[in-house]
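Colleague: Each chain, written out:
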Amino acid sequence: MPAAEATPMIRMVGVDKFFGRLHVLRNIDLVVPRGQVVVVLGPSGSGKSTLCRTINRLEPIDSGTIEVDGHPLPAEGRALARVRADVGMVFQSFNLFAHKTVLDNVVLAPVKVRGTAPAQARAAGMELLARVGIVDQAGKYPAQLSGGQQQRAAIARALAMRPKVMLFDEPTSALDPEMVTEVLDVMTTLAGEGMTMLVVTHEMGFARRAADRVVFMADGDIVEDATPEDFFTAPRSARARDFLGKILSH
Amino acid sequence: MDFLGRYDLLGAFWVTVQLTVLSACGAVVLGIVLAAMRVSPVPLMRACGAAYVNVVRNTPLTLVIIGTSLGLYQTLGLTLASDTSTEFIDTNNFRLAVLGLALYTGTFVCEAIRSGVNAVPIGQAEAARAVGLRFGQVLRIVVLPQAIRSVVAPLASVLIALTKNTTIASAIGVAEASLLMKEMLENEGDKGILVFTVVAIGFVVLTLPVGVALGWLARRVGVKR
Ligand SMILES: Nc1ncnc2c1ncn2[C@@H]1O[C@H](COP(=O)(O)OP(=O)(O)O)[C@@H](O)[C@H]1O
Ligand SMILES: [Mg+2]
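If you read the sequences in order, they're chains A and B.
According to the working numbering, the first sequence is numbered sequentially starting from 1.
According to the working numbering, the second sequence is numbered sequentially starting from 1001.
Derived by calculation from the structure, the hints in this document are not laboratory data.
Do not take every clue at face value.
[What the hints assert, rightly or not] According to the in silico footprint, chain A covers these stretches of chain B (three or more CB under 8 Å from chain A):
no.	region
1	1123–1135
2	1140–1146
[Claimed, not checked] A few chain A residues facing chain B, derived, Cβ under 7 Å:
no.	residue
3	E76
4	S93
5	F97
6	K112
7	V113
[What the hints assert, rightly or not] Residues of chain B placed beyond 12 Å of chain A at every Cβ, according to the derived structure:
no.	residue
8	F1003
9	L1009
10	A1051
11	G1067
12	Y1073
13	Q1074
14	T1091
15	L1099
16	A1175
17	A1213
18	W1216
19	R1219
Every residue, glycine too, gets a C-beta built ideally from N, C-alpha and C.
Same shape as in the complex, but just chain A (with noise of 0.2 Å):
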């Protein structure tokens, strides 16, 4: 089968969500192949952690349809619960467990959701956290370690599961500066090894450095879906001359 007819990893037609009367997510549609790392960009307040918490079913939809690797999400239940473990999401706060260790971490979802067997999860846990660069880190809370160490820790937690895609909420946004590359450089690595990738985030460099393509949002609409070649150098839209304009300029 050509990779273009193959199924697609996510995808979503008509989309709308609200939140109260705010109309959030404007009929979208979206579709992300096998493979494609897509950075969303825009303005504060367009929707795209609203998008990104969708394809999981954070935030449910008022209507439209959205797939995953073909399956149509479904309601609450177990079987959503098997769609999420193949999701990974990385938040902007990390979101680690505070009451368990790092290990803990990444342990905890391959043994309570997949079954795997502890001593197993411990010991790709442990390679994970190495690929990540805090394997010395692995007995302490949360708590005990920086801002960039945790992200790393929430990205290997969502690596544990082998998920078929990984979404990233604005993965960089609530590090100090120094800690932003060591997050990046791990999410480059990613997408290098094929990674299926959804990456709301405002980092210009990787954008244009790890992604195949850009989704530009404003006020809930999809506005532009370029490649980051296109989209830098020639925006076709106002909106996102203007944000790209105000972005560079820092």
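Knowing the structure of chain A, use the given hints to seat chain B with the ligands on it.
Modeller: Chain B with the ligands alone, transformed into the frame defined by chain A:
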């Protein structure tokens, strides 16, 4: 003070302790179930949980206790003891009182747990759902262990209130400490203050260690952030 020897004060307080411990166990189980209902993603469960808590919590305990006796036993014929036993009435009333106390106190346990759950940052539950844990696992593995810290102190208050509330079991004739006190007051009219003081001290002796122990526990299980 030797008149005290004529009364089974220890026995009466022992009934108080039994009432407290048994209904506390029932209340904690019920409270956890109710709290799970009240935070569940299913609207019907939330509604049922909220309705139960709001109705029972706002009913005077005396009515709840008498309600178990009048409603469950005398009207519906529900018996909680073997009716061939010679102590049927006493045993049945004791168990009905435990049931009433548990049904009532469970609502307060529920609210204590729910406020503790709400004190856990929402991101913890979101991360737990995002890795594929099911609703029960999210609560059991991630949220409740972190909620304990802020649950223990209000739970201690609930338990202390329960200990004192057991006196209402006397309304259906359970022979606990306050019923004995009433009897002593009637028989020993001139020693009223003394009787009263002894019983009051008895209750303080029961409740004080609960507060101290749970306060210690609260500090032990704290979660660093
Ligand atoms: N839980 C919520 N309840 C109500 N409004 C919300 C909620 N979450 C987000 N919003 C609103 O929805 C809009 C889009 O938010 P969001 O997706 O977070 O945007 P972005 O991530 O692009 O900054 C904003 O106006 C925000 O205030
Ligand atoms: Mg956002």
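Colleague: Each hint: holds or not?
Modeller: Against the structure, the hints come out as follows:
Chain A is given as covering the region 1123–1135 of chain B, and this holds because 12 residues of the stretch bring a CB closer than 8 Å to a CB of that chain, at least three being needed. Residues of the region 1140–1146 of chain B lying with their CB closer than 8 Å to a CB of chain A number 4, which satisfies the three-residue condition for coverage. Here the hint on A/E76 is kept, as its CB sits about 5 Å from the closest CB of chain B, short of 7 Å. Using the Cβ-Cβ criterion of 7 Å, the hint placing A/S93 at the interface with chain B is satisfied: the shortest such distance is roughly 6 Å.
With a least beta-carbon distance of about 6 Å to chain B, the hint placing A/F97 at the interface is held under the 7 Å criterion. Annotation: interface hint on A/K112 holds; nearest CB of chain B at approximately 6 Å, less than 7 Å. Given the 7 Å rule on beta carbons, the hint for A/V113 holds: about 4 Å separates it from the nearest Cβ of chain B. Against chain A, the non-interface label of B/F1003 holds: every CB pair exceeds 12 Å, the least being about 55 Å.
The Cβ of B/L1009 lies farther than 12 Å from every Cβ of chain A, with a closest approach of about 45 Å, so its non-interface assignment holds. Non-interface call for B/A1051 relative to chain A: holds, since the shortest CB-CB distance, roughly 21 Å, exceeds 12 Å. Look at B/G1067: its CB is around 36 Å from the nearest CB on chain A, clear of 12 Å, so calling it non-interface holds up. Non-interface call for B/Y1073 relative to chain A: holds, since the shortest CB-CB distance, roughly 40 Å, exceeds 12 Å.
Against chain A, the non-interface label of B/Q1074 holds: every CB pair exceeds 12 Å, the least being about 43 Å. The non-interface label for B/T1091 is consistent with chain A: the shortest C-beta to C-beta separation is roughly 43 Å, beyond 12 Å. With a least CB separation of 33 Å from chain A, B/L1099 remains clear of the 12 Å interface cut-off, as annotated. Separation of B/A1175 from chain A is adequate, the least Cβ-Cβ distance of about 45 Å exceeding the 12 Å criterion.
Non-interface call for B/A1213 relative to chain A: holds, since the shortest CB-CB distance, roughly 22 Å, exceeds 12 Å. For B/W1216, the shortest C-beta to C-beta distance to chain A comes to about 19 Å, beyond the 12 Å cut-off, and the non-interface label holds. The Cβ of B/R1219 sits about 15 Å from the closest Cβ of chain A, beyond the 12 Å cut-off, so the non-interface label holds.
In this structure, none of the earlier numbered hints is contradicted; all agree with it.
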